[in-house]
Each structure stands twice: as C-alpha cells, then as structure tokens.
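The task is simple: from the sequences and hints, build the whole structure.
Going down the list, the protein sequences come from chains A and B. Going by this note's numbering, the residue at position 53 of the first sequence is 53; the numbering climbs one at a time, nothing skipped. Going by this note's numbering, the residue at position 113 of the second sequence is 113; the numbering climbs one at a time, nothing skipped.
You may find that some hints are simply not true.
Listed next, the in silico DSS-like pairs over lysine-lysine satisfying Cα-Cα at most 27 angstroms (straight line) [to be verified]: (1) A/K18 / A/K57; (2) A/K71 / A/K18; (3) A/K55 / B/K114; (4) B/K38 / B/K114; (5) A/K53 / A/K70; (6) B/K38 / A/K3; (7) B/K38 / A/K57; (8) B/K70 / B/K3; (9) A/K3 / A/K70; (10) B/K3 / A/K57; (11) A/K53 / A/K18; (12) A/K57 / A/K13.
Far from chain B, by Cβ distances over 10 angstroms, these chain A residues were calculated [unchecked claim]: (13) V12; (14) K53; (15) E62; (16) R68; (17) S107.
Using C-beta positions, here's what the derived DEER-type ranges look like [unchecked claim]: (18) B/P40 / A/L11: 35 to 41 angstroms; (19) A/S65 / B/T5: 26 to 32 angstroms; (20) B/T5 / A/I60: 15 to 21 angstroms; (21) A/K70 / B/A81: 42 to 48 angstroms; (22) B/S42 / A/K18: 27 to 33 angstroms; (23) A/K13 / B/S42: 19 to 25 angstroms; (24) B/E26 / A/G63: 25 to 31 angstroms; (25) B/Y64 / A/K3: 39 to 45 angstroms; (26) B/M112 / A/T112: 23 to 29 angstroms; (27) A/L41 / B/I60: 28 to 34 angstroms.
Worth flagging that the hints you see were computed from the coordinates, not collected in a lab. Cβ coordinates follow ideal geometry from the N, Cα and C atoms, glycine included.
If you want the building blocks of each chain, they are given just below.
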Amino acid sequence: DVKVTQSSRYLVKRTGEKVFLECVQDMDHENMFWYRQDPGLGLRLIYFSYDVKMKEKGDIPEGYSVSREKKERFSLILESASTNQTSMYLCASNRQGAVGYGYTFGSGTRLTVV
Amino acid sequence: AQKVTQAQTEISVVEKEDVTLDCVYETRDTTYYLFWYKQPPSGELVFLIRRNSFDEQNEISGRYSWNFQKSTSSFNFTITASQVVDSAVYFCALSVTNAGNMLTFGGGTRLMVKP
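Quick look at the structure:
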C-alpha cells in the first residue's frame with residue numbers, strides 16, 4: 001500500500017522553539033507539498049518541491065522553511081514557532097507531470113504552540 | 001490565480017436525507033482538474049473523484065453523484081440517502097496544468113449526519 005507518512009500525529013511545542021515536521025513517501029514521487037489546514041480556510045499551500053533540493057513558495061510561506069535532501073523526504077521547519085502557527089499540517093506527494101492525478105496525503109500533524 | 005469557494009461551512013442532516021455540497025471555482029486556464037476529497041475524523045484526506053475541464057459528463061458512484069457545469073463554474077456533490085458514516089469534512093479542489101501540480105482547496109464543508 002503506497003504511503004505518505006508524517007512522523008508525528010500530535011506535537012506540542014513552546015513559543016520560540018525550532019520545530020521540524022517530517023514527511024516521507026515511498027512512491028518515488030518527484031513532487032511533494034506541505035499544506036496547512038485551518039477551520040473555514042481549507043488547506044493552504046506553504047511550500048512545495050518538485051525535485052531534490054528544489055523548493056518553491058506556496059501561498060503562505062512566511063515563518064516557514066523546507067528541506068528536501070532526499071527524494072523521499074520533505075521537511076517543514078518552523079524557525080521560531082509562534083502561537084499563530086498552531087494548526088494541522090498535511091503533507092502530500094504526486095508524480096511529476098501527473099497534473100490531476102495521484103495525489104496522496106499523509107494523516108496530518110496537529111501542532112500546538114504554547 | 002485560482003480560487004475555490006465552498007459557501008456552506010457546515011451542514012446537518014438526518015440519516016437517509018439527500019444532501020448537496022456546493023463548490024464554485026475560478027480560473028483563467030482552459031485546462032484544469034476538479035477534485036472532491038473526504039476528511040473523516042482520522043484526518044487523512046480520502047480521494048473521491050477527479051474531473052477534467054473537457055469532460056462535463058455527470059458521474060454517479062453508488063450513493064455519490066457529481067454535477068459539473070462549466071457555464072456556472074460549479075462542481076457540486078450530492079450524497080443520496082446519507083448515512084452516519086458520511087459525517088466528515090468535504091473539500092473541493094482545483095489543479096491547473098501550468099501551476100506546478102499544486103491543489104487549490106476550498107474552505108471545506110463539515111457534514112454531520114444524525115441517526
């Protein structure tokens with residue numbers, strides 16, 4: 001069964017901490033995405049990557065950075081966590097050129113910043 | 001830029017009722033894809049359907065049906081004879097060919113089906 005795995009289901013961090021959210025996919029997909037989900041706002045794209053070491057800003061990149069050192073792993077980094085980054089974070093992947101096909105999502109990480 | 005609007009934030013129905021979830025989209029691209037996803041309490045997004053912009057044929061899958069109308073930029077989702085297991089948040093999404101494969105989501109509709 002193909003998978004996108006997010007390392008933590010729930011996470012509680014303190015304001016100012018550096019936070020790493022990890023995402024691993026086993027489908028050899030080129031594209032990987034990080035979304036943030038908030039009630040009423042749906043999912044908003046933070047960053048995406050279409051290849052190793054490549055990254056593009058999404059709609060709401062402020063306060064976040066990403067790292068893609070290996071094809072299967074895409075990390076979201078909160079350099080200095082703030083309470084307004086309390087949210088559900090979802091990772092997804094799909095194959096390069098497969099517009100409209102095969103998006104696979106992880107189960108999400110619910111992050112609380114206190 | 002793309003935009004997806006789901007005007008209904010929350011809907012509550014009684015089991016066996018039919019319910020329609022609305023989705024309106026905006027894009028200047030002529031080639032695009034529309035999606036519906038279900039998010040149960042477990043959190044994972046479950047793919048329901050994908051339509052491309054050149055195929056306006058409506059689709060039925062069991063109790064689910066979708067009505068795609070380019071003239072009104074709408075892609076509505078109907079559940080017939082709803083069941084408690086249909087309770088979830090439903091997202092409509094849009095993808096265009098020249099926007100890097102990302103999905104643009106609507107705000108979601110929370111559907112509660114009461115026994």
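Taking the hints in turn, this is what the structure says about them:
For the proposed pair A/K18 and A/K57, the alpha carbon gap of about 20 angstroms is at most 27 angstroms, so the pair holds. Of the supplied pair hints, the one linking A/K71 and A/K18 holds, its CA atoms being roughly 23 angstroms apart against a limit of 27 angstroms. Note on A/K55 and B/K114: the hinted pairing is violated, with a Cα-Cα distance of about 44 angstroms set against a maximum of 27 angstroms. Under the criterion of a C-alpha separation no larger than 27 angstroms, the hint pairing B/K38 with B/K114 is consistent with the structure, at around 18 angstroms.
Distance restraint check for A/K53 and A/K70: the Cα-Cα separation of roughly 8 angstroms lies within the 27 angstroms cut-off, and the hinted pair is therefore satisfied. Distance check on the hinted pair: B/K38 and A/K3 sit about 17 angstroms apart at the alpha-carbon level, within 27 angstroms; holds. A C-alpha spacing of about 26 angstroms is found between B/K38 and A/K57, which places the hinted pair at or below 27 angstroms, so the restraint holds. Taking the CA atoms of B/K70 and B/K3, the gap is about 15 angstroms. The hint holds against a cut of 27 angstroms.
Simply put, A/K3 and A/K70 have alpha-carbon atoms about 16 angstroms apart, close enough for the 27 angstroms limit, and the pair holds. Restraint check for B/K3 and A/K57: satisfied, since their Cα atoms lie roughly 17 angstroms apart, inside the 27 angstroms limit. In summary, the hint linking A/K53 to A/K18 is supported, as the alpha carbons are separated by about 21 angstroms, within the 27 angstroms threshold. Among the hinted pairs, A/K57 with A/K13 is consistent with the structure: their alpha-carbon atoms are about 24 angstroms apart, no more than 27 angstroms.
For A/V12, the shortest C-beta to C-beta distance to chain B comes to about 17 angstroms, beyond the 10 angstroms cut-off, and the non-interface label holds. The Cβ of A/K53 lies farther than 10 angstroms from every Cβ of chain B, with a closest approach of about 16 angstroms, so its non-interface assignment holds. With a least beta-carbon separation of about 17 angstroms from chain B, A/E62 lies farther than 10 angstroms from that chain, consistent with its non-interface assignment. The beta carbon of A/R68 is kept farther than 10 angstroms from every beta carbon of chain B, the shortest such distance being approximately 14 angstroms.
The claim that A/S107 lies off the interface is violated: its Cβ sits roughly 5 angstroms from the closest Cβ of chain B, which falls inside the 10 angstroms cut-off. At about 21 angstroms, the beta-carbon gap between B/P40 and A/L11 misses the expected band of 35 to 41 angstroms. About 30 angstroms separates the C-beta atoms of A/S65 and B/T5, a value consistent with the hinted range of 26 to 32 angstroms. A beta carbon spacing of about 18 angstroms between B/T5 and A/I60 agrees with the range 15 to 21 angstroms that was offered as a hint.
Take A/K70 and B/A81: their Cβ atoms lie about 47 angstroms apart, and the range 42 to 48 angstroms holds. A beta carbon spacing of about 29 angstroms between B/S42 and A/K18 agrees with the range 27 to 33 angstroms that was offered as a hint. Here the CB-CB span from A/K13 to B/S42 is close to 23 angstroms, well matched to the stated 19 to 25 angstroms. For B/E26 and A/G63, the hinted distance range of 25 to 31 angstroms is satisfied, since their beta carbons lie about 27 angstroms from each other.
Distance hint for B/Y64 and A/K3: a CB-CB separation of about 25 angstroms, inconsistent with the stated range 39 to 45 angstroms. Remark: the range hint 23 to 29 angstroms for B/M112 to A/T112 is upheld by a beta-carbon distance near 25 angstroms. Checked against the hint of 28 to 34 angstroms, the pair A/L41 and B/I60 passes, with Cβ atoms roughly 31 angstroms apart.
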